[in-house]
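Protein chains in written order, with our numbering: chain G, 18 to 155; chain S, 3 to 247.
In case anyone wonders, no lab produced these hints; they're calculated from the structure.
None of these values were measured; they are calculated from a predicted model.
Each residue gets a CB set at the ideal place from its N, CA and C atoms; glycine is no exception.
Any given hint could be a false lead.
[To be verified] Simulated DEER-style distance windows between Cβ atoms:
{"id": "1", "chain 1": "S", "residue 1": "K226", "chain 2": "G", "residue 2": "K86", "range": "24 to 34 Å"}
{"id": "2", "chain 1": "G", "residue 1": "L143", "chain 2": "S", "residue 2": "T244", "range": "19 to 29 Å"}
{"id": "3", "chain 1": "G", "residue 1": "I152", "chain 2": "S", "residue 2": "I200", "range": "44 to 54 Å"}
[Claimed, not checked] No farther apart than 25 Å at their CA atoms in a straight line, the calculated lysine-lysine pairs in the PhoX-like style are these:
{"id": "4", "chain 1": "S", "residue 1": "K234", "chain 2": "G", "residue 2": "K128"}
{"id": "5", "chain 1": "G", "residue 1": "K32", "chain 2": "G", "residue 2": "K45"}
{"id": "6", "chain 1": "S", "residue 1": "K75", "chain 2": "S", "residue 2": "K88"}
{"id": "7", "chain 1": "G", "residue 1": "K136", "chain 2": "S", "residue 2": "K241"}
{"id": "8", "chain 1": "G", "residue 1": "K128", "chain 2": "S", "residue 2": "K88"}
{"id": "9", "chain 1": "S", "residue 1": "K131", "chain 2": "S", "residue 2": "K120"}
{"id": "10", "chain 1": "S", "residue 1": "K241", "chain 2": "G", "residue 2": "K118"}
[Said to hold, decoys possible] Sample of chain G residues with no beta-carbon within 10 Å of chain S, all distances over it, derived:
{"id": "11", "residue": "E23"}
{"id": "12", "residue": "F29"}
{"id": "13", "residue": "K32"}
{"id": "14", "residue": "G46"}
{"id": "15", "residue": "K49"}
{"id": "16", "residue": "T51"}
{"id": "17", "residue": "N92"}
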Amino acid sequence: MMDWDECLRRNFVKKNSFDVELVKSLKKGSSKKTISNKKLVLDEDTAETKIGIVYDSLREILEALSIKKGFKIYNHECYVGFIDGILKMKENSIEFDKFRKIRNGINYYGKVLSIDNAKVVIENILILRDKFLRILDE
Amino acid sequence: MNNRFYVLFGVLLIVSMFVCVVALEDPSVGTGGEDVEQIKGLIGNYSPLDESGDVNFSKYQPFKSKAEERIEKINLWLKDNASWLKIVFGMVPEISWLFAINIYILLFFLVSIVFNGKSMWGFLEVLNKKIDLVFFETSWASIFGLGVFIVLLVTKFFTNVLARPAYAFWALVYEYVFSTWGIVIAIIILVVIAVVFILLLVYAPGVLIILKKKMDARKEAKAKEAAEFDKKILHETVKGITGQD
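Work out the full structure, taking the sequences as your base and the hints as a guide.
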């Protein structure tokens with residue numbers, strides 16, 4: 018797992034100026050995705066899609082948060098380092114890393130999840146998203 | 003000394019003889035005669051024996067205290083205004099031991115069928131699942147028990163099947179216990195109620211605080227348990243996807 022320093026060193030992260038409009042836009046996009054998630058009923062066919070949607074919703078909030086802190090992150094793995102290194106939320110960084118791995122497994126390796134497991138994953142992604150959203154709004 | 007004693011004894015004897023003779027005859031009291039007749043009538047009502055000495059219950063009207071008269075009035079009022087409660091209790095509420103026994107039977111079955119539903123209906127596996135009702139957690143067995151209880155209540159099961167033996171039991175208890183020990187038991191009950199009431203007044207705030215703390219702790223423990231469960235699921239999911247532990 019890459020730490021924040023390595024991300025900076027390998028140019029996966031760049032310093033950036035605070036763009037208010039971009040942050041607003043990302044928040045709006047994230048919110049829309051949660052609405053889409055609600056509209057989609059969880060079943061065997063939609064489980065992975067719903068995980069993809071809520072993961073993207075979470076990532077957009079993290080992107081907005083990183084922009085607010087003056088960074089532009091180009092690699093999902095570096096969000097783990099950002100949460101740990103900048104936000105100082107070690108446990109949440111580990112949790113995010115799990116979601117990232119699940120999402121990658123679904124998107125790149127065609128993995129499938131049971132409905133029960135998918136439900137837990139979705140719920141926890143949304144809990145983490147709310148937590149970061151509160152930090153963003155502070 | 004002896005002379006004085008004889009004089010005193012003689013006077014007392016004369017006075018007592020006079021009193022007894024007076025009591026044997028109806029008092030001739032002029033204007034008060036009507037009252038005496040009323041009193042005599044009342045006394046006659048307390049005995050089931052008529053003037054000829056035969057048993058005649060139709061003339062028997064037992065003495066009623068003020069409290070009994072008030073209870074009668076209250077019961078009459080309940081009958082006129084709260085008769086709809088018959089649906090709930092199987093009988094019109096009244097201040098009587100029968101009604102108290104009825105309530106006891108209802109509470110007994112409420113506890114057995116509803117609150118103890120898990121043991122009662124636990125053999126039906128589908129009812130063993132828990133349900134969270136915000137303020138407390140219960141099982142589907144208790145909900146089912148509540149349904150059964152309501153059905154039994156509406157069909158007057160408790161009243162028809164159980165109130166009669168209860169009444170017979172009560173008659174037995176009344177005959178042999180309460181008619182003799184009623185006042186003592188009433189005093190004990192009153193003392194217990196008074197003590198409980200005072201204890202409630204003193205300890206209620208503290209108890210409420212403890213209850214709230216317990217509720218919060220329960221919520222916290224439940225949230226922790228859920229988080230642990232989720233953590234386990236997430237770990238297993240990631241392990242299943244990446245193959246890494």
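Here is how each hint holds up against the structure:
For the hinted restraint 24 to 34 Å between S:K226 and G:K86, the CB-CB distance of approximately 31 Å keeps it satisfied. Checked against the hint of 19 to 29 Å, the C-beta distance between G:L143 and S:T244 comes to roughly 22 Å, which is consistent with it. Taken as a hint, the range 44 to 54 Å holds for the pair G:I152 and S:I200, whose Cβ atoms sit roughly 53 Å apart. Between S:K234 and G:K128 the alpha-carbon distance is near 19 Å, which keeps this suggested pair within the 25 Å criterion.
For the given pair, G:K32 sits about 23 Å from G:K45 by alpha-carbon distance, which is consistent with the 25 Å threshold. A hinted pair counts as satisfied when its Cα atoms are at most 25 Å apart, and S:K75 with S:K88 qualifies at roughly 18 Å. About 17 Å separates the Cα atoms of G:K136 and S:K241, which keeps this hinted pair within 25 Å; it holds. As the CA atoms of G:K128 and S:K88 are separated by approximately 63 Å, the hinted pair breaks the 25 Å bound.
Between S:K131 and S:K120, the direct Cα distance comes to roughly 10 Å. Compliance with the 25 Å bound is thereby established for this hinted pair. Distance check on the hinted pair: S:K241 and G:K118 sit about 10 Å apart at the alpha-carbon level, within 25 Å; holds. With a cut of 10 Å on Cβ distances, G:E23 stays outside the contact zone with chain S, its closest approach being about 20 Å. At the 10 Å boundary, the C-beta of G:F29 stays outside the reach of chain S, the nearest C-beta of that chain being 21 Å off.
Residue placement check: G:K32 keeps its beta carbon more than 10 Å from all beta carbons of chain S (closest about 32 Å). Chain S leaves G:G46 outside its interface by the beta-carbon criterion, the shortest separation being 25 Å against a cut-off of 10 Å. Its beta-carbon lying about 25 Å from the closest one in chain S, G:K49 satisfies the requirement of being farther than 10 Å from that chain. Annotated as non-interface, G:T51 keeps its C-beta farther than 10 Å from every C-beta of chain S; the closest such distance is 19 Å.
Here G:N92 stays apart from chain S, with its beta-carbon at least about 18 Å from theirs, past the 10 Å limit.
Of the numbered hints listed earlier, the single one contradicted by the structure is hint 8.
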